[in-house]
Structure formats: structure tokens, C-alpha cells
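Student: Going by the numbering used here, the sequence shown opens with residue 15, and the numbers climb by one from there.
No wet-lab data here; the hints were simulated from the structure.
Zero decoy hints are in this set.
With a Cα cut of at most 25 Å, we get these calculated DSS-like pairs of lysine-lysine:
(1) Lys-89 - Lys-293
(2) Lys-293 - Lys-345
(3) Lys-350 - Lys-293
(4) Lys-293 - Lys-344
(5) Lys-344 - Lys-89
(6) Lys-42 - Lys-317
(7) Lys-345 - Lys-89
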Amino acid sequence: MNNNFDFLRLLFAMFVIITHSYPLSGDKGWDCLGEITNGNLQFSYIGVKGFFVISGYLIFQSLLRSRNWVGYFWKRILRLFPGLLVVLVLTILLAPFVYESPMFYLENRKVYTYIIRNITLFQLQYSIPGVFDTNIYGSAINGSLWTICYEFFMYFLLSFLILFRSQKKLLGLLLWLVFGVFFVYHFFLSTSFPLHIYDLRSSHLSELGLFFLGGSLLAFLNYRVFPYLKTILVLSGVLIICSEVLVQDPFIFRILFWPVFIIGIGEHVTPVLSQIGSKVGDLSYGIYIYGFPIQQTLMHYFKFNALELMLVSLPISMLFGYWSWHVIEKKMLRYKNI
15 MNNNFDFLRL LFAMFVIITH SYPLSGDKGW DCLGEITNGN LQFSYIGVKG
65 FFVISGYLIF QSLLRSRNWV GYFWKRILRL FPGLLVVLVL TILLAPFVYE
115 SPMFYLENRK VYTYIIRNIT LFQLQYSIPG VFDTNIYGSA INGSLWTICY
165 EFFMYFLLSF LILFRSQKKL LGLLLWLVFG VFFVYHFFLS TSFPLHIYDL
215 RSSHLSELGL FFLGGSLLAF LNYRVFPYLK TILVLSGVLI ICSEVLVQDP
265 FIFRILFWPV FIIGIGEHVT PVLSQIGSKV GDLSYGIYIY GFPIQQTLMH
315 YFKFNALELM LVSLPISMLF GYWSWHVIEK KMLRYKNI
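Build the full structure now, drawing on both the sequences and the hints.
Tutor: Below is the structure:
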């Protein structure tokens with residue numbers, strides 16, 4: 015379909031790379047957006063929340079098209095796990111080039127648990143002793159993987175609504191109810207009653223879940239056919255800017271207006287930008303899962319400053335994203351309707 019979603023996902027993945035360049039290089043400051051907002055908003059925040067908004071919007075539509083749970087989860091598995099498995103395997107194969115430990119690499123028990131724990135999503139292993147131990151940031155190999163756990167949990171939570179997809183009023187009521195539960199918990203209960211579901215923090219889950227569900231609600235409301243869509247887009251953009259400038263804690267405005275603005279841009283057809291997906295593919299997931307280890311590897315060898323790391327790692331990550339999409343992800347998605 016002709017829209018701007020591939021462009022937005024690409025932009026959001028690049029935002030994450032930009033922000034990560036600062037802590038991974040040891041820079042104590044923020045990215046340029048963080049400097050402007052005194053740390054209240056950084057590019058990676060927009061990138062991750064934007065991913066969740068778009069994911070909630072598109073996954074809800076996929077749920078409505080799915081014949082049953084098996085078909086729904088089969089498509090989710092094909093989209094996430096082949097690319098993830100390949101990056102984990104490549105990490106294990108290439109880690110010896112940055113390994114600095116007196117223990118022989120193949121004798122290190124953490125080498126053998128790295129793929130298994132990370133592919134299960136909910137007991138992540140971020141490091142292998144001897145890999146990146148001397149890096150400025152620390153030994154985390156792929157710190158970006160944590161959000162995938164929360165996204166997959168939202169896939170699972172949303173899946174129960176498939177039972178009611180033929181009953182539109184009930185489906186909408188349940189979706190609003192789930193959003194309300196997340197809203198109440200985040201704003202009124204998360205501090206007093208913190209919960210842990212496997213390795214998931216309830217504060218992160220409620221925060222990311224609200225953006226995901228915001229996208230899902232817009233899909234349910236069939237936002238793309240709203241009258242005066244351009245007017246709504248402009249108005250939501252103005253309200254976002256005003257809330258960021260005038261409100262000390264604008265989170266409630268973010269969950270209300272960001273989904274409207276992001277999906278509005280995504281559904282718009284902009285010359286050139288709307289053709290990015292058809293020209294180069296959807297590079298966003300590959301950029302996201304390869305960017306962190308690429309940046310850590312560059313820091314291991316070159317000790318770049320933040321700007322240097324950003325400028326070098328962005329094109330390399332995009333190349334890996336291109337390779338991941340065309341060699342792994344795109345080919346696996348051919349089996350989604352089996």
C-alpha cells in the first residue's frame with residue numbers, strides 16, 4: 015500500500031542510532047533534541063514510542079485479517095524471529111574478534127546461553143564475559159533488544175481480541191477497556207504497586223503499551239478515512255509542540271496526540287518518501303537490531319566521539335538493515351500465508 019510508514023520506521027530506527035551514539039561513546043550529554051529540551055525528550059524516545067504506535071496500528075489490522083490465533087502468531091513469528099536469530103548467531107560467530115579474556119572463548123559458558131536466552135525474549139542475556147568489557151559504555155552487546163520483549167507481549171495481549179473481531183461493538187469496548195486499565199495503572203498505581211512479569215517491568219510495559227494501544231485504537235476507528243484528516247494532523251502537531259513547550263510533564267499529551275500525529279503522517283502519501291519501501295525495502299528492523307552491536311564494535315576499535323560514532327555507524331547499520339531485509343526478513347515473509 016502506498017503510504018509513509020516505511021519512511022517513518024526508517025527515520026525512527028535512525029533516531030535510536032543517533033541517541034545511542036552519546037552514551038556508547040562516553041559522552042555525558044544528550045543528543046541535540048535533548049539539549050534543546052533539557053533532557054525531557056530525545057530522538058530515541060520518539061523512535062521507540064513511534065515504533066510502538068505504528069506497530070499497534072498495523073498489528074491490529076493484521077489481527078482483523080487473521081483467520082485464527084495460529085495465523086496471527088505465525089505472521090508475528092516470521093516478522094520478528096528470523097532476523098533476530100540471525101543477528102544472535104552472527105554475534106556468537108563474530109564475538110571472538112572483540113573477545114578479551116584469558117578464558118578460551120569456546121570454554122565460556124555464556125557463549126552457549128546467549129542465543130537461547132535472547133531468542134526466548136523474556137530472559138535476556140546482554141553480555142558475554144570478555145566481550146566489550148573494556149568499552150566505555152560497558153559490556154552490553156545488544157542493548158536494543160529489550161523493547162522487542164515488550165512488543166511481543168503486546169502482540170500476545172492483543173491476540174485475545176481475535177475472539178471478538180466479528181462483534182465490532184464488543185471488540186471496541188474491550189480495546190478501550192484494556193487502554194483504560196493501562197492508563198489507570200500507569201498514572202495511579204505503577205509507583206505503589208510495581209509488578210514484574212518474567213523480566214518485564216510493569217512501568218515500561220504500561221508506558222509502551224499505551225502508545226501501542228493508541229495505535230490500535232486508531233486502527234479500530236478506521237482513522238485513515240476520517241474527514242478533515244489533514245486538519246487533524248496539523249492540529250495534533252500544534253498541540254504536541256505546545257504541550258512539550260508549556261507542560262512540565264507532557265506524557266499524558268504524548269499518549270493522546272502522538273498516535274494521531276504519527277499515524278496521520280504514516281497514512282499520508284508524500285512524493286519520494288512514500289516510495290522508500292518499494293525502492294529499498296523496510297530496513298528499520300535490521301537497523302534497530304544491528305545498530306547497537308555495530309556501535310559497540312566501532313567503539314572497541316576506534317574510540318570515536320559521539321558525532322564520529324553517529325556518522326560512521328549510521329551508514330553501516332543501514333547496509334546491515336538492507337542485507338537483513340532482502341536476505342532474511344523479506345524471504346521469510348513469503349511464508350506468512352501458508
